[in-house]
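*Asks:* Here is what each chain is made of, one letter per residue.
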Amino acid sequence: MTRALALLLPLVLVLAALSLSLGPADVTLPESLRALFLGGDGPLPMVMREIRLPRVLLALMIGGTLGLAGAAMQGYLRNPLAEPGLLGVSASAALGAVLAIQTGLSAAFAMALPLSALAGAVVAVLILVVLAGPRAETLTLILAGVALSAVAGALTQLVLNLSPNPFAASEIVFWMMGSLADRSVLHVWLALPFMALGVLLLAGVGRGLDALTLGEDAAASMGIDLSRLRLRVVLGTACVVGAGTAVAGAIGFVGLVVPHLLRGSVGGRPGPLLWVSAAGGAAMLLAADIAVRVVAPDRDLKLGVLTALVGAPFFLHLVWRSRGERA
Amino acid sequence: MLRRALVLLSLLAAPGLSPAAAQEAPPMPARVVSMNLCTDQLAMLLAAPGQLVSVSKLARDPMSSAMATEAMAYPVNHGQAEEVWLMQPDLVVVGSYTAQAAAQMLERLGTPVLRVEPAYALADVPARIRTLGAAMGRQAQAEALITAFETRLAALREEVARRPSAALYYANGYTTGDQTLAGEILLAAGFENIAGARGGGQLPLEALAMAAPEALITARPYPGASRSEEVLMHPVVRRLRAAHASTANTGNDWICGTPFVLRAIEDLAAFRKDIETETE
Numbered sequence: 001m002t003r004a005l006a007l008l009l010p011l012v013l014v015l016a017a018l019s020l021s022l023g024p025a026d027v028t029l030p031e032s033l034r035a036l037f038l039g040g041d042g043p044l045p046m047v048m049r050e051i052r053l054p055r056v057l058l059a060l061m062i063g064g065t066l067g068l069a070g071a072a073m074q075g076y077l078r079n080p081l082a083e084p085g086l087l088g089v090s091a092s093a094a095l096g097a098v099l100a101i102q103t104g105l106s107a108a109f110a111m112a113l114p115l116s117a118l119a120g121a122v123v124a125v126l127i128l129v130v131l132a133g134p135r136a137e138t139l140t141l142i143l144a145g146v147a148l149s150a151v152a153g154a155l156t157q158l159v160l161n162l163s164p165n166p167f168a169a170s171e172i173v174f175w176m177m178g179s180l181a182d183r184s185v186l187h188v189w190l191a192l193p194f195m196a197l198g199v200l201l202l203a204g205v206g207r208g209l210d211a212l213t214l215g216e217d218a219a220a221s222m223g224i225d226l227s228r229l230r231l232r233v234v235l236g237t238a239c240v241v242g243a244g245t246a247v248a249g250a251i252g253f254v255g256l257v258v259p260h261l262l263r264g265s266v267g268g269r270p271g272p273l274l275w276v277s278a279a280g281g282a283a284m285l286l287a288a289d290i291a292v293r294v295v296a297p298d299r300d301l302k303l304g305v306l307t308a309l310v311g312a313p314f315f316l317h318l319v320w321r322s323r324g325e326r327a
Numbered sequence: 001m002l003r004r005a006l007v008l009l010s011l012l013a014a015p016g017l018s019p020a021a022a023q024e025a026p027p028m029p030a031r032v033v034s035m036n037l038c039t040d041q042l043a044m045l046l047a048a049p050g051q052l053v054s055v056s057k058l059a060r061d062p063m064s065s066a067m068a069t070e071a072m073a074y075p076v077n078h079g080q081a082e083e084v085w086l087m088q089p090d091l092v093v094v095g096s097y098t099a100q101a102a103a104q105m106l107e108r109l110g111t112p113v114l115r116v117e118p119a120y121a122l123a124d125v126p127a128r129i130r131t132l133g134a135a136m137g138r139q140a141q142a143e144a145l146i147t148a149f150e151t152r153l154a155a156l157r158e159e160v161a162r163r164p165s166a167a168l169y170y171a172n173g174y175t176t177g178d179q180t181l182a183g184e185i186l187l188a189a190g191f192e193n194i195a196g197a198r199g200g201g202q203l204p205l206e207a208l209a210m211a212a213p214e215a216l217i218t219a220r221p222y223p224g225a226s227r228s229e230e231v232l233m234h235p236v237v238r239r240l241r242a243a244h245a246s247t248a249n250t251g252n253d254w255i256c257g258t259p260f261v262l263r264a265i266e267d268l269a270a271f272r273k274d275i276e277t278e279t280e
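Same order as they appear, the protein sequences are chains D and W.
Residue 34 in the numbering used here sits at position 34 of the first sequence; the count goes up by one each step and never skips.
Residue 200 in the numbering used here sits at position 200 of the second sequence; the count goes up by one each step and never skips.
Take the hints with a grain of salt, since some may be wrong.
[Unchecked claim] Pair ranges (Cβ atoms, derived):
#1 D:PRO193 with W:GLY200: 35 to 41 angstroms
#2 D:GLY104 with W:GLU117: 35 to 41 angstroms
#3 W:ALA121 with D:PRO193: 49 to 55 angstroms
#4 D:ASP41 with W:GLY200: 30 to 36 angstroms
#5 D:ALA108 with W:ARG163: 37 to 43 angstroms
#6 D:PHE37 with W:ARG157: 46 to 52 angstroms
#7 W:ARG157 with D:LEU33: 55 to 61 angstroms
#8 W:ALA154 with D:ALA17: 33 to 39 angstroms
[What the hints assert, rightly or not] Straight-line Cα separation of at most 20 angstroms, SDA-like style, residue types lysine to any residue; simulated pairs:
#9 W:LYS57 with D:SER163
#10 W:LYS57 with D:ALA169
#11 W:LYS273 with W:ASN249
#12 W:LYS57 with W:MET87
#13 W:LYS57 with D:PRO164
Don't read these hints as lab results, they were simulated from the structure.
Note that beta-carbon positions come from the ideal geometry of N, C-alpha and C, so glycine has one too.
With these hints in hand, go ahead and build the complete structure from the sequences.
*Replies:* What follows is the structure, encoded as structure tokens:
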């Protein structure tokens, strides 16, 4: 566990620095870092503090929590296909966020945006956990996810198409694919409290998830309170996915790919995998956000496009493998 | 294909559309329907009483239309071939990029359709007025409008000692350069556009901050919130806009190549004088 983290944390730092140095304003890394920390004259400190820093912070926070949530869901449902984006949790959170914006609730009360997204995510995770049961059948889980994604996606499109604002309908892409372009410190503050709460809730589930690998009865005999464990996973996942989606749209596949890649490094134990996945998720989203700016510097290519291009083949591979297991 | 060609031929031969025919007293189309925001406004300015039967729905939207109040007097259409056909028009006016499917359908049904290109520059405004005036058989009205437009435009184009730098900034971080109607309005009002000699395109927020224009002219937000317009409330944009006591917005006068662009130039020139006296 420590070895994987020792490799991942420096990688996250390097990617964060790279992301900070990247942008249309042509400045060197030392120059931009000086402007970021020491300020100074001219527009550069404003560019660093108001535009680039929030972007890096959000990539770190959202990537990290998506990795964490993916690992927690996979651990709890004991199914490697569980992931908030694929199972419709992100799509439901996006529906909540869109409702808050379109009803004008978020304009009247800023926290309504993450709260409403959180509500959407809670409903989705609850439906999944109840439908799939404690030992999640792959088929049930995926079908429930497909249905949830379809309903949430359709309702989001309905709301945006009915909006009197001419730009709303074109924003369907943002809510389905996610982007960190032009976010400000305000968005960091909106997401931070809910993400912190979610991380706190998920931080305590490691031992329970480890015990759960031996089965529910064994876990219960080891003193694990299964209903409390479930509550923590449900609320924790909903908190982080809701907050992230509210400010950056639905970004899929991070929670699928990262735990899958890192599972070997922690001997397959779901508890330690949580933190390794958080670091891995932050690295993956930072890398994706760097890539969208390198590939198409002035086009606002959506993050979800890249994570899906990387993630979908993984997903197919996992489906293929689980098919082999059942046969 | 053959039918399309025939329709085109009949259009060319239609009185009022070719300059040669325009010289003889052309029969005036009695029922004109406009299906485009910009031709709506030109048609309202040009039409004889009772000649204009319907304008598009957008013509009544005060966010987009400089003649929203006048448009209340006309029934609206929604750009659909069926409703327009039922109005039995003698001439249908559409934009060259909008309602194309409806326009083609109406042509197949034998209704003359005039496609009017958007105005890309101030010089296009008289040309569009002339085209539509000829098609509607309102040449005298058109020439009067054009003379008034050109006289007032010449009076507005004053020599300025210094051109303050400015940027036009819209939803999704879009900007327009000198080679657009909005860009020409900005130039005519005595500003220099930081976007330079280009058309429309993305202006990254960072590039805007680094260029630090003296004046930032933003679009007014539409009703109903959107994430696309959120960038206009970004701290960086707010700080640039707050540099001066007065602010300027693009609005319904800016959208179409109509004589109302003169009002946009006037308002913007007043804004320039405000910030010049502020900095003195």
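*Asks:* Take the C-beta atom of PHE37 of chain D and the C-beta atom of ARG157 of chain W, compute their distance, and say whether it sits inside 46 to 52 angstroms.
*Replies:* For PHE37 of chain D and ARG157 of chain W the Cβ distance comes to about 48 angstroms; the hint holds.
*Asks:* Compare the distance between the alpha carbons of LYS57 of chain W and ALA169 of chain D with 20 angstroms, and conclude whether the hinted pair is satisfied.
*Replies:* Holds, at about 18 angstroms.
*Asks:* For the pair ALA108 of chain D and ARG163 of chain W, does the Cβ-Cβ distance stay inside 37 to 43 angstroms?
*Replies:* The hinted range 37 to 43 angstroms holds for ALA108 of chain D and ARG163 of chain W, with Cβ atoms some 41 angstroms apart.
*Asks:* Given the hint of 55 to 61 angstroms, is the C-beta distance from ARG157 of chain W to LEU33 of chain D inside that range or not?
*Replies:* For LEU33 of chain D against ARG157 of chain W, whose Cβ atoms are near 47 angstroms apart, the range 55 to 61 angstroms is violated.
*Asks:* Mind checking the hinted window 35 to 41 angstroms against the Cβ distance between PRO193 of chain D and GLY200 of chain W?
*Replies:* With Cβ atoms ~39 angstroms apart, the hint holds.
*Asks:* LYS57 of chain W and MET87 of chain W were given as a pair; does the straight-line alpha-carbon distance stay at or below 20 angstroms?
*Replies:* holds, 15 angstroms
*Asks:* Return holds or violated for the Cβ distance of ASP41 of chain D and GLY200 of chain W against the range 30 to 36 angstroms.
*Replies:* holds, 32 angstroms
*Asks:* With 49 to 55 angstroms as the target window, see if ALA121 of chain W and PRO193 of chain D comply at their CB atoms.
*Replies:* Holds - the Cβ-Cβ distance for ALA121 of chain W and PRO193 of chain D, about 51 angstroms, lies within 49 to 55 angstroms.
*Asks:* Could one say that the CB atoms of ALA154 of chain W and ALA17 of chain D fall in the range 33 to 39 angstroms?
*Replies:* About 56 angstroms separates the Cβ atoms of ALA154 of chain W and ALA17 of chain D, which means 33 to 39 angstroms is violated.
*Asks:* Between LYS57 of chain W and SER163 of chain D, does the CA-CA distance stay at or below 20 angstroms?
*Replies:* holds, 16 angstroms
*Asks:* Given the hint that LYS57 of chain W pairs with PRO164 of chain D, test it: the Cα-Cα distance must not exceed 20 angstroms.
*Replies:* Roughly 13 angstroms between the alpha carbons, so the hint for LYS57 of chain W and PRO164 of chain D holds.
*Asks:* Check whether the Cα positions of LYS273 of chain W and ASN249 of chain W lie no farther apart than 20 angstroms.
*Replies:* holds, 15 angstroms
Going down the numbered hints, you'll see the structure goes against 7, 8, while the others check out.
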